[in-house]
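K.L.:
Sequence:
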Amino acid sequence: MLDRYNFNEIEKKWQRRWEEQGLFKTREDESKEKYYLLEMFPYPSGKLHMGHVRNYSIGDVVARYMRMNGYNVLHPMGWDSFGLPAENAAVMNGVRPDVWTRENIGEMRGQLKRLGLSYDWDREVATCEPAYYRWMQWIFIRFFEKGLAYKKKNPVNWCPSCETVLANEQVVDGVCDRCGSVVGKKELEQWYLKITDYAERLLEGLDRLEGWPGKVKLMQKNWIGRSVGAEVDFALEGFPEKLRIFTTRPDTLYGATYMALAPEHPYARKLISGAAREKAADEFIGKLQLLSDIDRTAATLEKEGVFTGSYAVNPLNGAKIPVYIANYILADYGAGAIMAVPAHDRRDFEFAVKYGIKIIPVVDPEDPEIDIQNLKEAFAAEGKMINSGRFNGLSNKECAVKITEYMEQEKIGKKSINFRLRDWLISRQRYWGAPIPMIHCEKCGWTPEKEENLPVLLPSDVEFTGKGESPLTASKTFRETACPRCGGAAERETDTMDTFLDSSWYFLRYTDAKNTEEPFGKDRAKYWMPVDQYIGGVEHAILHLLYARFFTKFLFDSGLSPVEEPFTKLLTQGMVLKDGGKMSKSVGNVVSPEEIIEKYGADTARLFILFAAPPEKELEWSDTGVEGSYRFLNRVRRLVYGLSDRVKDAPGAYETKTPEDWKMDYALNYAVKKVSEDIGGRFSFNTAISAVMEMVNALYRYREYESADPGLLKAAVDKLILLLSPFTPHICEEMWAHTGHGGSVLNAEWPSCDEAALVMDRVEIVIQVNGKVKERIEVENGLSQDGLIRAATENAKVRKLLDGKSAARIVAVPGKLVNIVIS
RNA sequence: GCCGGAGUGGCGGAAUUGGCAGACGCACAGGACUUAAAAUCCUGCGGUCCGUGAGGACUGUACCGGUUCGAUCCCGGUCUCCGGCACCA
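Residues in the first sequence are numbered from 1 upward in steps of one, following my numbering.
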C-alpha cells in the first residue's frame with residue numbers, strides 16, 4: 001500500500017494552492033487570442049452525478065489544453081437554479097426554495113472544486129439570484145416592446161380537484177396522475193414568445209453551424225419543420241365566408257373529396273345545420289376536449305369525424321364537397337382546416353373508407369402493380385396527373401407549381417410556407433422562477449414594470465401547499481401594485497417564466513457576470529463571444545439549444561449581442577451507463593462521484609471517464625476499469641519518481657545516438673503529436689490517453705538501458721507530465737514540482753513535436769500477393785515505387801510464392817506496401 | 001409510419017484520406033519476486049487447422065452481393081439494436 005500514492009493529500013494541497021494563487025482567474029487580455037469554453041451549467045439538484053463528472057472533465061481537459069497553448073481562456077460555471085424540485089422540497093420538507101437551492105449550490109460547488117476543475121468562480125452566476133433575474137426580466141421587456149412577447153388565451157390541461165394547470169406529461173389517459181380526477185381543458189391566458197418569427201432564420205442558420213453534429217442540426221431542422229405548399233380559399237355554399245386551407249399538395253386539388261376542420265376551428269359550429277347534427281357535433285367536440293394534447297395528437301387515435309351538413313366548392317372545377325369536423329385536424333397548424341384527398345393521403349384515405357367518401361385518384365403511379373381505380377391504400381409517391389382537367393399529363397411536381405401559379409392569377413390561393421414550430425409558451429403557474437415583469441391595469445392593459453423598479457422580486461410571505469394556484473397568486477403584497485403608466489391600482493402578473501429562458505442567455509452574462517448596469521457590457525461580449533466550444537448532453541439538442549439560438553438572434557437584432565449564433569462548435573456527450581442501462585435510484589446501480597473520489601481520487605475519476613469511451617458515445621461504467629486507471633497513475637508516478645534522480649541535473653538538450661534513443665525519441669514525439677491532435681483537433685480523449693500509455697510503456701523499456709541519455713530521459717519525463725496534466729492535473733502538479741520545476745503545469749508551455757524525430761531512416765513495407773499479406777521487409781525511407789517493386793520481387797520468400805509465375809500487375813505505395821497480382 | 005446513427009475479440013474500444021484489422025486498457029492464463037498473499041515486473045491472449053519445435057496454412061470487422069490491385073471504410077440489398085419525430089395536411 002505504500003506504493004500507492006496519497007491522492008487525497010496531493011489533491012487537497014494543489015486545490016488549495018490553485019485557489020490561493022488565483023490560477024483560474026480570467027482576465028480581459030486583448031493581446032492574447034481568446035477561447036471561450038462552456039459546459040452546460042447544472043441544475044443544483046443536490047449532488048453531482050457521473051454525467052456531470054463526464055461533462056465537466058471533458059471541458060476541463062480542453063480548457064487546460066488551450067491555456068497551455070497560450071489562449072486567453074474563459075471557462076465559467078454557474079447554476080440553472082430556478083425550477084420545480086426546489087418548490088417540491090418546500091412542499092415536502094418545509095424548507096424554503098431559496099434556502100434549499102443555495103445549500104445545494106454550496107454542496108455542488110464544493111464537489112466541482114474537489115474534481116479540480118479550472119473554473120473562474122468570480123464569474124459564477126445563479127439564475128435564481130435577483131442580480132441575474134433582474135436582467136432576465138429586462139430582456140423580457142425588450143421582447144414585449146418589440147411585440148415578440150404576447151399574451152394569448154389557449155386551452156390548457158386543468159385538474160379541477162388540484163386546481164392547477166398540468167403539463168401534458170402529468171396527464172395520463174385523460175386523468176390527473178396525482179389525484180385521478182378527469183382532466184379538463186381550461187382557457188387560460190398565457191404569455192408566449194414569438195419564436196415563429198425567427199423560424200426561417202433559425203433554420204437557415206443551421207447550415208452555417210459547421211462545428212455542430214449533423215444529428216443535432218437535423219433534429220432542429222425537423223423540429224422547425226418547414227413545409228412549402230399553398231393556401232387555397234374554398235367558397236362555402238350558403239355562407240359568405242371562404243374556407244381557407246393549407247396544403248403541401250396543391251397538385252392534388254382535383255382529388256379533394258371532402259373538407260375537414262379542426263374541432264376548434266372558428267367555423268366549426270357555424271357550419272353545422274340541423275338539430276340532430278348539432279347534438280352529434282357537440283358530443284363529438286366535447287369528447288375531444290377531455291383528451292390531453294398528447295392523446296389527441298397520437299397517430300394511433302382512430303380517425304373520427306362528423307359531417308356538418310354544409311358543402312364547400314372546389315375553386316378549380318366547381319365540385320361540391322362535404323365539410324366534416326375531424327379529430328385528426330390540428331387547430332394550430334396551417335389554417336386549422338384541410339382539403340382531404342383520400343387517394344393520395346394516408347390519413348384522408350383511412351377517414352374516407354370509414355365514412356364512405358369518394359376516392360378520386362389524380363396522380364397516376366404508372367405502375368401496373370397498382371390498381372389506381374381500386375386503391376388499397378393511399379398513393380403518396382410521384383406520378384403523372386389524371387382527372388385534373390387542363391393539368392392532365394404533367395408530372396405531379398410540375399403540376400404543383402402550375403396550379404399554384406394559376407391560383408395566384410385567379411386570386412383563389414397562393415404559395416405558402418408553414419412551420420411546425422409553435423410559439424413558445426413561457427408562463428408557469430409556479431413560484432420558483434423569474435416573475436414575469438408585467439402589470440395589468442383595467443385602463444391601460446398590460447404594461448411592463450418600470451426599469452428602475454427591476455427586479456420584480458419574489459415575495460417571501462408565501463406558503464407552499466402544493467395545492468391550488470401558484471403561491472404568488474396568494475401573495476397580496478406581490479400582486480397588488482400601481483400601474484406604471486397611469487398610477488392607478490393594478491395587478492402584477494403572477495406567472496413566472498419557464499426556466500428555459502434563464503438558460504437562453506447565461507453564456508452572455510458570463511462575459512460580464514457582475515455588471516449592475518446592463519445584462520452584459522457590449523465590449524466584454526464582443527471580446528468573448530461567440531462560445532468557441534459548447535459541451536453538454538444530447539438531451540438538450542432541441543429545446544435549450546434552439547431557445548439559446550433564438551435569444552441570441554433576438555439580442556443581436558436589438559444591438560446587444562455581437563453575434564447571431566452563440567455556439568461555434570458543439571459537442572454532445574453520451575450518457576454514463578451501468579450494466580448496460582441508465583444509472584438510476586430505482587434500479588440501484590448508481591455510482592456516486594463522491595464515493596469514487598473518496599476511493600481513488602479525482603484524477604483517477606477523470607482519467608477513467610475520459611479513457612473508457614469517446615466523448616460523444618455512451619460510456620459503460622466499469623469498476624475494474626477505474627481500478628486500471630488508478631493503476632496507471634501509480635505506474636506513471638513510480639516511473640517519474642524512479643527517474644527523478646537521473647534527470648534532476650540532466651542537460652536540457654540531447655542527441656539521439658543509438659537505436660534505443662531513436663525509438664524513445666520517436667515514441668516521445670509521436671505522443672506529443674497524437675495528444676495535441678486528439679485534444680486540440682478531434683476531441684478524442686480516449687486515444688490521447690492511450691498514446692500517453694504507449695509512451696509510458698516505451699519509457700519503462702528505455703530506462704532499462706544503461707546507455708540511456710539523461711537529456712532524453714529528462715525530456716521524456718517532462719513532456720509526459722505535461723501531456724498528462726490536462727487529464728489528471730493534481731498528480732501532474734506534484735510530479736512537476738518533484739522533478740524540480742517551479743510554477744504550475746497550467747502555466748507551462750504545451751510541448752511541441754519535433755517532426756524530424758518522426759521520420760524514420762528505415763520503414764517496414766508489407767508485401768501482399770493478391771491482396772494478402774505474405775511478407776514484411778525493411779527498406780530505406782523514401783524508396784521509390786520502382787525501388788519497392790524491385791525489393792519485393794527480389795525477396796526470396798516472394799519468389800518462392802510466385803513459383804515462376806509472372807505478376808499480372810504490381811501496385812506499390814511508398815512507405816506502405818507492395819501488392820503483387822498473379823492470376 | 002417517417003428521419004437519423006450504429007453493429008469489430010470474453011468486455012470497453014483503436015484503425016484520422018480505400019492500404020499491416022484488433023492500438024491502449026479491462027478480464028483471463030502462465031511465469032518471476034515472496035514463507036504466503038497483495039502489490040509489482042515479464043509473457044501470452046480473434047477463430048480453425050497443421051507442426052515435437054522454431055514456425056506455417058486458412059479464416060475473420062452483423063448478413064448477402066458489387067466496385068477495386070486492395071474494403072471495417074465506398075455502393076446496393078437484408079437483419080438487429082439505439083436515438084429523434086410522430087395525425088404537421
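Derived by calculation from the structure, the hints in this document are not laboratory data. One thing to keep in mind: the hints can contain errors.
Said to hold, decoys possible - Derived pair list, reagent style DSBU-like, types lysine-lysine, alpha-carbon separation capped at 35 Å:
1. K411 to K146
2. K797 to K657
3. K146 to K657
Stated by the list, open to error - Distance ranges between label pairs, derived from CB positions:
4. E755 to V99: 23 to 33 Å
5. E677 to A380: 39 to 49 Å
6. E469 to K13: 49 to 59 Å
7. N697 to R646: 48 to 58 Å
8. T656 to G628: 31 to 41 Å
9. N88 to E9: 37 to 47 Å
10. A298 to K772: 54 to 64 Å
The structure presented is a predicted model; accordingly, all values stated were derived computationally and were not measured. The C-beta atom is built at its ideal place from N, Cα and C for all residues, glycine as well.
K.L.:
Quick check: which numbered hints come out false for this structure?
P.N.:
The structure conflicts with hints 3, 4, 7, although it agrees with all the remaining ones.
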